[in-house]
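Colleague: Taken in order, these protein sequences are the chains called X and Y. First residue of the first sequence: 1, per UniProt numbering; consecutive thereafter. First residue of the second sequence: 1, per UniProt numbering; consecutive thereafter.
Hints may contain errors.
To be verified - One side of the interface only, derived from the structure: several residues of chain X facing chain Y at Cβ under 8 Å:
1) A189
2) I192
3) D193
4) P207
Unchecked claim - Listed next, the stretches of chain Y that the computed footprint assigns to chain X, with coverage defined by at least 3 CB atoms under 8 Å from CB atoms of chain X:
5) 73 to 79
6) 99 to 109
Derived by calculation from the structure, the hints in this document are not laboratory data. These numbers come from a predicted model, not from an experiment. Backbone N, C-alpha and C define an ideal beta-carbon position, used for all residues, glycine too.
This is what each chain is made of:
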Amino acid sequence: MKRAGFDNPWLPILLLLPQLSIICLFFYWPAWQALRSSFFLEDPFGFGETFVGLQNYTRLWDSPQYMKNAWFTLWFSFLVTFFSLAIALLLAVKADTVLRGARTYRTLLMWVYAVAPPVAGFIALILFNQRWGPLTEAFAQFGWLLRVRLEYFDTAFAMIVASVWKQVPVNFIFFLSGLQSIPRAVREAALIDNRSGISRFWTVTFPLLAPTGFFLLIINITYSLFDTFGMIDTILRNNPGDQPVTLVYQVYLDGFRGQDIGGSSAQSVVLMVLVLALTVFQFRLVERRIHYT
Amino acid sequence: MARVTLDRVHKVYPNGFEAVRPTSFQIEDGEFLVLVGPSGCGKSTLLRMIAGLEDITGGTLTIDGREVNSVGPADRDIAMVFQNYALYPHMTVRRNIAYGLANRGTPRDRIAAKVEEAARMLNLTDHLDRKPAQLSGGQRQRVAMGRAIVRDPALFLFDEPLSNLDAKLRNQMRIEIKALQRRLGVTSIYVTHDQVEAMTMADRIIVLNGGVIEQIGTPAEIYHSPASTFVASFMGAPPMNLIEAAFETGAVRLPDGTAVMDAPGGRSGPITLGIRPEDVRLGRGSATFDVALVEELGAHRLLHGKLSGQPFTAHALKESDATTGSHRIDLPFEALALFDRETGMRL
Ligand SMILES: Nc1ncnc2c1ncn2[C@@H]1O[C@H](COP(=O)(O)OP(=O)(O)OP(=O)(O)O)[C@@H](O)[C@H]1O
Ligand SMILES: [Mg+2]
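Work out the full structure, taking the sequences as your base and the hints as a guide.
Modeller: Okay, here's the thing in structure tokens:
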């Protein structure tokens, strides 16, 4: 292959400059700022700062509120990811038998993806409205009086339902195209080799979907951690009280509402480490192991 | 081991296209039947109906006396080899071969023994722990065969299993498959559009055209007495010469008036005359063959040109001094086939 060369050594740098400056301006610089601030205690009125070492971090560790929200975030992420993937997979498998090759449906289904997170939260609020929400009424039929924004558990439930509802279409689209890219003859060979549909799914279809699945797993964990912010904000109407919030929302609360810049920076750093770990996990485990040609 | 019977089996696809018209035939126990025909004639559709991968629109399909129209593919006691092998890409060769057995509750040690045996038979022993992506096309083809034979099915189905291989490998695998089938004695249905495969492998051939059976017969019957102009032109390389001729004044005559045979029973009207290139006798006779091109094939030569204004090919032995120009030829009476000009059916 021919190697492209530049006569002027500054030209490639010039071409890279816009991209690099965007990365620096919107990623490295704030990240550095957060890291720095996490070691200082800042005066809320901006009159100065004091170096406090790791105190902002130990404060998080010692805060029962923070640990409670950390646990909530963990469960929230796990449940949202699990149900978003499971429901989407189930729907995709069912749709696959009907939709073989019908692309128009796919585009139609993709529309739900375009719903903005705050709008998703707003729709959840309508569904779970205390007086006339259809879901509230439906659960009331079974004797469960849902009190979203009043009961901790009920709020968490509404958040999870809304987040899952919003994410299922995306996963569905990916799973469906994953399923449709499994060669027809391979499925047919399995049909001859194995009479049990469930066993066929777990031994042939599911392993062949694994690359799609792992990709979606990462996407969904990231989604549940970060992209649910707008939806949570709408459901809580900016007034969390003692209702559940995720760690990302906690950063916002402590930083912008509580004016605790140091503490919220430390929280941001914790989240950055989490993302880093997730990325490493993706590259190390997933990219290496799961692919067939 | 089984006898397969199709009774007026036909197929209409959901879009209303009738891919296979009502078709009846029977395959005997241990027979190697080849379904041959041009692309789109419904070979795969017919085979897939037998496999249970495609619904049967009408008629009955019986395998070993049992009607299987509504029996699932896994319960028909069949094994199929697909054109692109259809191996499970995430399983090793060993697991690929064992998969069908494991799902049928075969004991582990028995599976292991059968896989080893099949691998030995197919020269795959060294590759058992590889994934299909790490195998050559020919090896994948063997794995697909292995997957079929370990099951000891009543019926083998092949859908153009060799068409993705190069010519040399195809010849070799053709012989291996045929030998394997002989040894195992399993009834087999083999789909191909390659007439050489059909001729060399089949006990009996079914020639399919546009969803209709044109002819059923042994390779020799199909070759030497084709039932229609379609079969005559489809089987054989080069195919049978088909020349427009007519019954005139008590003889079959070429357009230039040359009489080639006496007309049976004083008939009249246009017909199509067929003769295989190798049955043409060069050097003497009443017809004139204008040779335009001599094709040297080493073992023999092919002469291409015109007979009475129509394209014609004749076969010449390698020691003959065939040249371009006019040749006298004889069309031996016993080698001629007469077809109805309208319907193409043999008279
Ligand atoms: N699912 C389908 N719906 C409608 N028509 C179909 C369908 N599958 C096949 N056909 C049509 O049925 C006819 C027979 O198809 P089939 O696949 O049996 O051909 P074939 O003889 O195997 O050809 P080839 O040698 O190209 O494999 C074709 O004209 C094809 O277009
Ligand atoms: Mg076909």
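Colleague: So, for every hint listed, does it hold in this structure?
Modeller: Here is how each hint holds up against the structure:
1. Nearest Cβ of chain Y to the Cβ of A189/X: about 4 Å, under the 8 Å cut. The hint holds.
2. Because the smallest distance between the Cβ of I192/X and any Cβ of chain Y comes to about 5 Å, under 8 Å, the interface hint for this residue holds.
3. Look at D193/X: its Cβ gets to within about 4 Å of chain Y, closer than 8 Å, so that hint holds up.
4. The criterion of a C-beta within 8 Å of any C-beta in chain Y is met by P207/X, whose closest approach is roughly 4 Å, and the hint holds.
5. With a threshold of 8 Å between beta carbons, the proposed coverage of the region 73 to 79 of chain Y by chain X holds, since 5 of its residues qualify and at least three are required.
6. For a cut-off of 8 Å, the count of residues in the region 99 to 109 of chain Y with a CB near a CB of chain X stands at 3, and the three-residue condition holds.
Every hint from the earlier list agrees with this structure, and none is contradicted.
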